[in-house]
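2 protein chains.
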Amino acid sequence: MHPEFMAVDWGTTHRRRFTIAADGTVVARDSDDRGILAVSDFPAEIAALRAAAGDMPLLLAGMVGSNRGWVEAPYVEAPASLAALAAALVSPLPGVQIVPGVVQRDPARPDIMRGEEVQLFGAQALGQLGNGLACHPGTHSKWIEVEDGGIARFRTVMTGDLLAALKARSILSDILAHDPGLDDDFIAGVDHALDASDLTAELFGARARVVTGQMSAAAAASRISGLLIGSDVRTGLGRSRADVVTLVGSPGLNARFALALARAGRESISVDGETAFIAGARAIMAAQTAGARA
Amino acid sequence: MHPEFMAVDWGTTHRRRFTIAADGTVVARDSDDRGILAVSDFPAEIAALRAAAGDMPLLLAGMVGSNRGWVEAPYVEAPASLAALAAALVSPLPGVQIVPGVVQRDPARPDIMRGEEVQLFGAQALGQLGNGLACHPGTHSKWIEVEDGGIARFRTVMTGDLLAALKARSILSDILAHDPGLDDDFIAGVDHALDASDLTAELFGARARVVTGQMSAAAAASRISGLLIGSDVRTGLGRSRADVVTLVGSPGLNARFALALARAGRESISVDGETAFIAGARAIMAAQTAGARA
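Taken in sequence, the protein lines are chains Y and L.
Per our numbering, the first sequence starts with residue 6, numbered consecutively.
Per our numbering, the second sequence starts with residue 6, numbered consecutively.
Rather than coming from a laboratory, the hints here were simulated on the basis of the structure.
Computed from a prediction, not measured in an experiment: that's the story for all the values here.
Mixed in with the good hints there might be a few duds.
Note that the list lumps identical chains together, so a pair holds whenever it fits in one copy or between two copies.
Here are the simulated SDA-like pairs of lysine to any residue, each with C-alpha atoms no more than 25 Å apart in a straight line [stated by the list, open to error]: (1) K172 / T18; (2) K172 / A295; (3) K172 / G218; (4) K172 / P115; (5) K172 / D188; (6) K172 / A297; (7) K172 / A57; (8) K172 / A52; (9) K172 / G243; (10) K172 / N72; (11) K172 / A27; (12) K172 / R114; (13) K172 / T30; (14) K172 / A182; (15) K172 / H183; (16) K172 / T217; (17) K172 / G257; (18) K172 / D153; (19) K172 / M61; (20) K172 / P256; (21) K172 / T144; (22) K172 / T24; (23) K172 / P84; (24) K172 / V249; (25) K172 / D46; (26) K172 / G143.
Turn these sequences into a full structure, and let the hints guide you.
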């Protein structure tokens, strides 16, 4: 049993914090835009958090532990277990610990994650993931193969980042001003991308469909979402034969990926990313206590 | 024979103009940033061009004929011949003609071009392209199948646009601040993309290679260029068995695509895009004169 503590999901632009009681109850939660880019004095920031919430242990995860953050928490190498992660926490101040990310040093397919590892072990602690395949959809979707209860291999697909870049500055900007639907046009995009590998042509094709009057701009936005998520799912599944994929993310994004996985003939389980983060933070604290005792 | 005229390649952000004598000599050339987005009064703009260069016929091509330009010159349907293009010129003012674009109304693969059709027929007039496959590399690369001397089918791949979007606003921005080389890292990216169809994962992989110390940021920029151009070439070639591809574009971009085509086992002929534009403008003027006579 570990005492009350505060878990902070500290990203590049956003920060979410949760005060978690010894029995797992979340007694306070808050989110703001004090991401690492907005913070220069981290000790002062920690003091402010403690002044607001009380003096308690802090567990920080995400980009706060990157070389752009406060203190670099060196990556743990995959395959990576919960115990390995808990043993590699970095403490920049008394009572403050930073969760390291995970690195895959395969020369043919190097990859990195920082933050998703907490959610992954959280989904496991919630009983939503045994050995098998998990997907964290998002800016940089992570597809994680779990073996022996740990992170065996993983792959990042930069779907959300690509979509945001195209929305901000490309011939598709006008189309992408529309919110994509979860509709037949989305499904048609998914189906195309699951079968074919001509994404960079089909993206322009969505615009050609609008210009030729075949499709409204709103429908084209749905198609583009389907093309990108279908490509993500095709790439993320790779050669995996997993019948069921555990999705760990926001409910809205999980729903899009669940539909795409269904089109690929796979079932899915949806786990809320925030819930998974809280459970993962508790699991890491518990594993660390167990490790210290051992 | 047609008299001296001015050909204007009038795009979204840039404008290039050439005064072409009856014998084909380019007697004046100029370029500026008076693209269609910078112009509101087109008749005044034409008057200014004539005041500077003399009173002569004008042939305008590119986005000036789009629904965002001066006057919409309706697309000619593929398959499209040079004669069909010349017969569909739109004249918004006496002595001013706008070249229409080409549309492909295939419901499974609609596509559009506006501007490349002039270069395509120019490459043909220069004797650099018979029936076969042409590629116009660029913001929106066009792969054009030529049959019976005309544009039979084509496909757009938004390689340059995607690269610019990723450079402006994505996790790859820092890497893409480096100019890509035409080197082994470029070739490795091309080779990967010719074989595999995991572009959106491999793009992030370039960053992972930098973070894990496997590659410098400059090398990763070369790899990303290779991944994007390799994908472009794989998609553009499709099922074509063309042994030789005619590249019509800037010398620098042609060289990158020529190398990628070589890795795909294809030869290529490089035609300078500006030279092709001038030859194409002459061919359209000549075809129109012939058409009017017939």
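Taking the hints in turn, this is what the structure says about them:
1. K172 / T18: For K172 and T18, both the intra-copy (19 Å) and inter-copy (19 Å) Cα distances are at most 25 Å.
2. K172 / A295: neither (47 Å within a copy, 46 Å between copies)
3. K172 / G218: within (21 Å within a copy, 31 Å between copies)
4. K172 / P115: between (28 Å within a copy, 22 Å between copies)
5. K172 / D188: within (20 Å within a copy, 31 Å between copies)
6. K172 / A297: neither (48 Å within a copy, 46 Å between copies)
7. K172 / A57: neither (38 Å within a copy, 40 Å between copies)
8. K172 / A52: neither (38 Å within a copy, 37 Å between copies)
9. K172 / G243: neither (27 Å within a copy, 27 Å between copies)
10. K172 / N72: between (28 Å within a copy, 21 Å between copies)
11. K172 / A27: Neither: 44 Å inside a chain and 46 Å across chains, both beyond 25 Å.
12. K172 / R114: between (28 Å within a copy, 23 Å between copies)
13. K172 / T30: neither (39 Å within a copy, 44 Å between copies)
14. K172 / A182: both (7 Å within a copy, 20 Å between copies)
15. K172 / H183: Close inside one copy (10 Å) and across copies (23 Å); limit 25 Å.
16. K172 / T217: within (21 Å within a copy, 29 Å between copies)
17. K172 / G257: So K172 and G257 pass the 25 Å test inside one copy only (19 Å; across, 28 Å).
18. K172 / D153: So K172 and D153 fail the 25 Å test inside a copy (40 Å) and across (40 Å) alike.
19. K172 / M61: neither (42 Å within a copy, 42 Å between copies)
20. K172 / P256: For K172 and P256, the Cα distance is within 25 Å only inside one copy (22 Å; across copies 30 Å).
21. K172 / T144: both (13 Å within a copy, 16 Å between copies)
22. K172 / T24: neither (36 Å within a copy, 39 Å between copies)
23. K172 / P84: Neither. Shortest intra-copy (36 Å) and inter-copy (33 Å) distances fail the 25 Å Cα cut-off.
24. K172 / V249: Neither. Shortest intra-copy (32 Å) and inter-copy (36 Å) distances fail the 25 Å Cα cut-off.
25. K172 / D46: Classified as neither; 33 Å inside a copy, 30 Å across copies.
26. K172 / G143: Both: 15 Å inside a copy, 20 Å across copies.
Against the hints set out earlier in the document, violations occur for numbers 2, 6, 7, 8, 9, 11, 13, 18, 19, 22, 23, 24 and 25.
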